[in-house]
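Student: Note that the protein sequences, when read in sequence, are chains A and B. For what it's worth, the working numbering labels the leading residue of the first sequence as 1, then goes sequentially. For what it's worth, the working numbering labels the leading residue of the second sequence as 1001, then goes sequentially.
Quick caveat, the hints were computed from the structure, so don't treat them as lab data. None of the hints are false.
Simulated crosslink set (BS3-like; lysine-lysine; CA at most 25 angstroms straight-line): (1) A:K584 / A:K501; (2) A:K243 / A:K292; (3) B:K1138 / A:K2; (4) A:K590 / A:K554; (5) A:K104 / A:K140; (6) A:K2 / B:K1137; (7) B:K1140 / A:K2; (8) A:K144 / A:K236; (9) A:K197 / A:K166; (10) A:K615 / A:K535; (11) B:K1349 / A:K2; (12) A:K184 / A:K166.
Here are the simulated distance ranges between beta carbons: (13) B:D1252 / A:I45: 51 to 57 angstroms; (14) B:Q1257 / A:S91: 38 to 44 angstroms; (15) B:F1255 / A:K280: 54 to 60 angstroms.
Every residue, glycine too, gets a C-beta built ideally from N, C-alpha and C.
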Amino acid sequence: MKRYYLQILTLLVASIFILRLLLLQIFNSEYKSLSEDNAVLESPIYPERGFIFDRNGKILVANQIAYDLMVIPENTKIFDTVELSKLINLSIDEFKLNFYKAKKFSRKIPSIILGEISKEDHAYIQEKLWKYDGFYLQKKSIRKYYHDIGSNFLGYISEVNDLDIKKDKYYKTGELIGRQGIEKYYENILRGKKGKKFFQKDRFNRIIGSYKNGKYDLLPETANNLKLTIDLELQKYGESLFKNKRGGIVAIEPKTGEILALITAPNYNPNILLGRDRSKNYRKLAKDTISKPLFDRGLQAQYSPGSPFKVLNALIGLQEGVINKNHSYVCNKGHFYAKDAFMECHCKVGTKNNLITAIHQSCNSYFAKTYKKIINSKETVSQGLDIWSNHLKSFGLGDYLGYDLSIGQKGFIPNSIYYNNWYRDGGWKASTIISNAIGQGEILTTPIQMANFTAAIANRGYYVTPHFLKSTSEIKTRKFKKKMTTIDSIHFKPVIEGMEKVVKYGTARIAQIKNIEVCGKTGTVENFIKINGKKTQLTDHSMFIAFAPKTQPKIALAVFVENGYWGSRWAAPIASLMIEKYLKNKVERKWLENRILKGSLEIEYSKHLSGKPFKINE
Amino acid sequence: MNKTYLYRIDWLIIICYISLVLFGAVNIYSTTYDNSMNQGFSPESLAGKHIIIFFVSFLLGFLILFIKTQFFQQLSYVIYFVSILSLIGLFFFGETVNSATSWYLIKGISLQPSELAKIGTALAISRHLSDFNTDIKKTKSLLTGLILILIPFLLIILQPDPGSAIIFGSFFLVFFREGLSFNYLFFLLIALILFISTLLIEVKYIIILLVIFSLMIFYILNRPSKKIKIFPYIIFILVSTTFILSVNFIFDSVFEQRHRDRFNVILGLVEDTQGLGYNVNQSKIAIGSGGLKGKGFLEGTQTKGNFVPEQQTDYIFTTVGEEWGFVGSSLLILIFVILIVRMLNQAEKQTNIFRRNFIYSICILLFSHFTINIGMSLGLLPTIGIPLPFISSGGSSLLSFSLLIFIYLNFDSNRLNEW
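In isolation and in its complexed conformation, chain B is listed as follows (with noise of 0.2 angstroms):
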């Protein structure tokens, strides 16, 4: 650490992170905001919890703005290895709340280890994949890769805690980072499409349209100049079918009745704004009622009628929706674009390979939840019950976000320190 290091460190990222975090304390305090109650502003409140955490991360920060990069790269499977151990101590010691085992309860402090693990998945793939011996593009490489994923993820399903598993699958995003085909991306979609075809349409239906469908393209690219194989077109259409009734079984005998109810609100098939579809209808109705400028703050009426559910946490959204209407939601989502393409851009500047994909690492852990959880307040995503970074109340979850901007404000600044 030298005088120039105060030149280097990201000031733009830091003012983004801390108007962030301000930001969703404002929120979480009207939230909670009793005005029968009249009380000010409380260590013991949400609100204040959140700002005691955000001086808790800012000391641990500042101790991580010294600590040598290599440290990291080189710890990464021990901390991986560790946060793997504590989700499996769930099992054993966990504390079970609203039917999901995913805390630790000590001395009175909740911790969540599934919020350690993404730190440390990030951590142990950036590793894996700045390994001289990995190729992505080879299937060994990959199927490692996907393992590191897929450990916590079955650890963390098995909670059950559906919404941050996904969290764990979207970071198989970092490989495409590393070359990976964008063939893989395609299928994907592809999969997306017939998931959710499968919901909304008979299977029988989908098959048939399937199979039309894939001769369609193979008689149009089928040409006597050019011949091509009909081969792969079986297998996707066998492949596609499978995939089709394990989705169909998979919905209609693994999941619970609540978790197809979501997906029913959400693609339509319920009209039900009493019960399923209360939760997206109430946040539709806060957030499309705040208008231009919206209500102002504390005079959200939707928020002070508690009409949104867990709304300090999952739906803070409609809180910045209702009270900071228009102006005060897209300015929002801004902040967090410019968050994440400032720090895809300066992990572009790395040389590090591993410094890079584990930049790559939060930049996707910061877009999924983004995604997933302000698509739900808008109701364009079912309900997936995952926080909004740096705003929503919950300790474990703004210290490990806020542990991995310093780690990124510590490998941009050390950028040029080449080891």
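Bound-form chain A, shown alone (with noise of 0.2 angstroms):
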């Protein structure tokens, strides 16, 4: 025993160390892990966002430079937080706060203290920091708008949040994500790629250099500009007439389906959604829930049409032969469309309106009775309706039409499915489904829907997907499919005949325009709320479509403004000027526009939340 006792207790104890080494490097892995959380640092290397232009290559966005105030709590001595959180502007409290927070994730690693500095408070900070040991200031890039138009459709960027980490594992904390409108949309062509550096990393989490000689490194995809269909000059225009008036408008450019302008109002600054006080200012427009800025009514808003769609109704009278261009009929201020049913007309008593006429003076008792032949006109009433509603849905309405922001409305265009669940089969007639004729009933359209059928009148059958994106850095042009509709092109003549003299003698000769030949149709929606659960009128929206010039059509656009009565008081103006702003960039007709840009809605607004009883339509 005594000759072997120590070799025994080598082997004993060598086998025990081997043993070890075999449980910590062969049988378990999760040191290996361990070990490259602990020692590799990988960095993501970000290109620099792409900027958006408009159709003319104006700048609207790109990127400016701001700076973060970082501390480094180990680094840091004795100071004046009084005299700091003054310097930096922020309540002592918050300074406090977010120091102890630093300090508690970390005391060797920076934190941010206040994010987003602009470049003036910059100079001033940096002048006086040199006092505050462990405390510097550090570059980033965030959003600049050069004008201040164009939020609905432009979104914003902002941090990413858990909900986007899970649904997509590019992203990292702290990274930035497209919120809304164009930077949602395009994200992936804007941001490019980021790539990845590696670096080896020391006990104190502090880099040493790079890991394995940049071996993994990779490098960063460029992000592109995009050029995108907008008139600045146009939309910026648009939006000015808009102030004090809730509503908006959708231009459409008809050949091509490139949207000129998309207004909505209320709206704000998209200024106000950068540097530190983004949430504040964010929580601020959605809690606005009365005139609702962040809902944008060119694209989300449904409404009944009105007036316009009765061209949408010619269209299809003539495509389906219940009526031609010379047939008329016989209005005496409305007409009984069935027994005990009268439906008002603002026609003379005795009025005979052939279709032309009828689509100027916006005669509701002939397109009532072309709608009922319509709907008559096959074996069933079902039938009927139905090839109705398809020649419709040709024009893109009742769905969504695919453009490329991802909010939107589908509308809605009954068919005999719905009234049949509706009324029970058969319970249903063309009488009673009578005010689809006119825009009313159970149509809904959104602006953008409308702006996109006038596009398709003027283009005489057919429409091109109404569109954002006019080219990328890369995407030079892009291609679009005409979508033609199911009314043949010779239908449109007389149609735009009549939405020609609608603006030459008809109900919206405040829109002509010097030596252009403006096509349009007024309208005037009736409209209804809920106060305390009770269904309540307000004053009808104004309504106006138009597209100019008649031949080789420039434009197209609908407007709207809520509660502004009839189609000619707000929006048959606005559209009028809006094109004579685009066609000839320049306004002459000073006094009309001096008339929208002072004109309010304001004290219409107010009328139904203050509560006491009030009249409509004055």
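Build the complex: two chains, separate frames, hints provided.
Tutor: Structure follows, in structure tokens:
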């Protein structure tokens, strides 16, 4: 025993060690990943986010430098908290809280004390920051908006939240993501693709060099700039016209489907969603449930289309052969469309309207009779209604249009299934649903859908899916298919003639522009809301669709002004000014421009909120 | 010295020795490598110093080979006395590093006299055991031997350098070769178990367990046919209780918090990977991340990031584990085993008791360093700061171990030259 005890001990210890090594190195992979977390830092390299230009190459959105005030708690010395918080314009409590959080997070790693300090403040703070050890300013790129317009379709960017990270593994905490509008829809193009750089860390989490000489590093993919179809000047002008009003404009170039302007009012200045007050300002916008600035009325609001819808019924009537250009009906301040059911019209007693006069006089009786004929043209009313419904769908109504923003509404075009459910089978006939003839009833459209069917009329039978993106740095031209409507092009001629007369002699004479043939159709849309659970009628919406010039149209638009009363009161002049601005580049009718710019509907909007009884359509 | 000397020299040990030292230099280079500096190999670096000491040892070792073996035996007590003096001198001229006064600083070169004392103590014990009058089974001889160990042990405790002190304590193992009853080893084991359980369990429960355990054994062994005395069991219980109480007292009152923490971490009483358990945890991560083949020379991310403290000295094994993996680490352990077992086998061939016991002392030194150092790196033992022989950076340690190897080579080659 005494000759071998030490050998035995040595072998025993050695075998324990080898067993332990086996456990640590071979049968436990946990340590490997622990080591990587521990010692290798993966640091992203971000390409600069793409710029956004208007259709003429004018810059809308670029990037600017802002500064984050950082602190490494370990490096700080005793300092005057009051003075520093005053310098950076932060309340002492907030400052102390942020500093405490930074300390708690790590004493050695930098944390943000105050984010997105503007360039101007930066200069001032930088000058005095030497007094405070451990604090420094770190550059950062944020968006810069060159004009206070278009926040509804431009959208904004902000830091990703937990949900974004869960949805898309690309993002890491603290990175930026497009939140709405173009920034969201074209996020992948605008952001490019981040690269990676690996660093070797030491035990204090400090970087001590690149990891394996950059063997695993990945270069970022450059971001693309976007050129939008929006016309900056037109957009700006449209937004100014809508001051103190609610509603919007959708303007489209008919040939290409390019959206020239998308105005929603009220809107907000995109710059307020930058910098350190973003969340505060955003909450304010989101909480405003009365004027709803975050609600894009041009894309999301569903209204009854009103009288402009009559032109579609005229086209369907022509296509189905139930009327022709010269066919006329008599109107006696309206007509009885069923027993004891009278539809009012503003035509004088004994007016005889053919198609063209019916359009420019906006004769309810004419279109009610036409609609009845369409519905009754087939064996059953169901078939008739479905034919009508399908024609409308070919104009892009009743469904998403498929434009390149991720918000919108379908609108609604009723078909036989809907009414069969509603009234039970066969419980309805043309007269039951007669309101559809004049764009009231169950029909719902969004303004962009209205602008789109106006463009289809301007094109005499087709439209191109409306869109915002004209080109990117990579894609120079985009190709779109023409979407044909189910109406033959010959039928558009009389309808367009009627629309031209609306402006020349009819309800929208105010929309006339010197040397430009404008075709349009006014609308005055009844609308209701619930006040304390009671259906209450409010002042009508003012509506106008138009395109110009008559031949080779360059612009088609839909304008609506909430509670603006009749169509030619607000919507028609606004549309007319927009057309003049776009086609002539300047507005000569200063008197009209002034009237619109100064006009306010705020009193109208406050009526039903006052809680007192009020009158409408004053 | 004649021609046959070269044939008789133990080449296996030389090969093991050289490969350990060179492997040590490679690993020291890796722990101190800074890729931002992109420096080459320089004599000023720690790895360079390691190699320089290696050459110095070779020169000195070559001289040692020609010294007559009797010389060591005759000068044993002198060398021992000198080394004890050098330990005492520390209290007057010593340099304090990391709150331990263990160093002389002479013209920029630091010397650790406890390393010299290892050689001196080994010589003195071997000399004592080889004396004609010594019989280790007798209390007097045992006590003399213990005193030879105890003097440097206490002087080093006072520095304080508990790690090295434990090494001196391990010299006790030599006595078993000379016939000391293995019962002592058994008692030592029981003491160790009692020590650890004192830290784990409350004192009163241990004492209760101890009494129950002893009485149970007594009743099992006590048969009507063969009566045994109860007296030794009572003595055992009393001694153990005293031991437990004193351990409890020493642990709570004499130990400093950092010493307590080390035991607490290793026994799993405290889970704290950032604070107290940081070293142990980082060490395990580094070794564990090495996998089968390791990350390769200079590729260890933990090593580069300096996650493991004192990596070039006490925790050098973590670099081995990370960069050379299971294969490299096992190989290193294997070389140590070959070194120790081979030397022990050769020692048994010695007819001279002094030389045999001296070689045993060398092996015990190697064994205790090897066990404590690697055991600590693997998280099996508490943090005790002692170097891994031949591998760790540190001139005094490498020099003294090298000299010990050469003394062994001398003794082994002259095995047949009876005097």
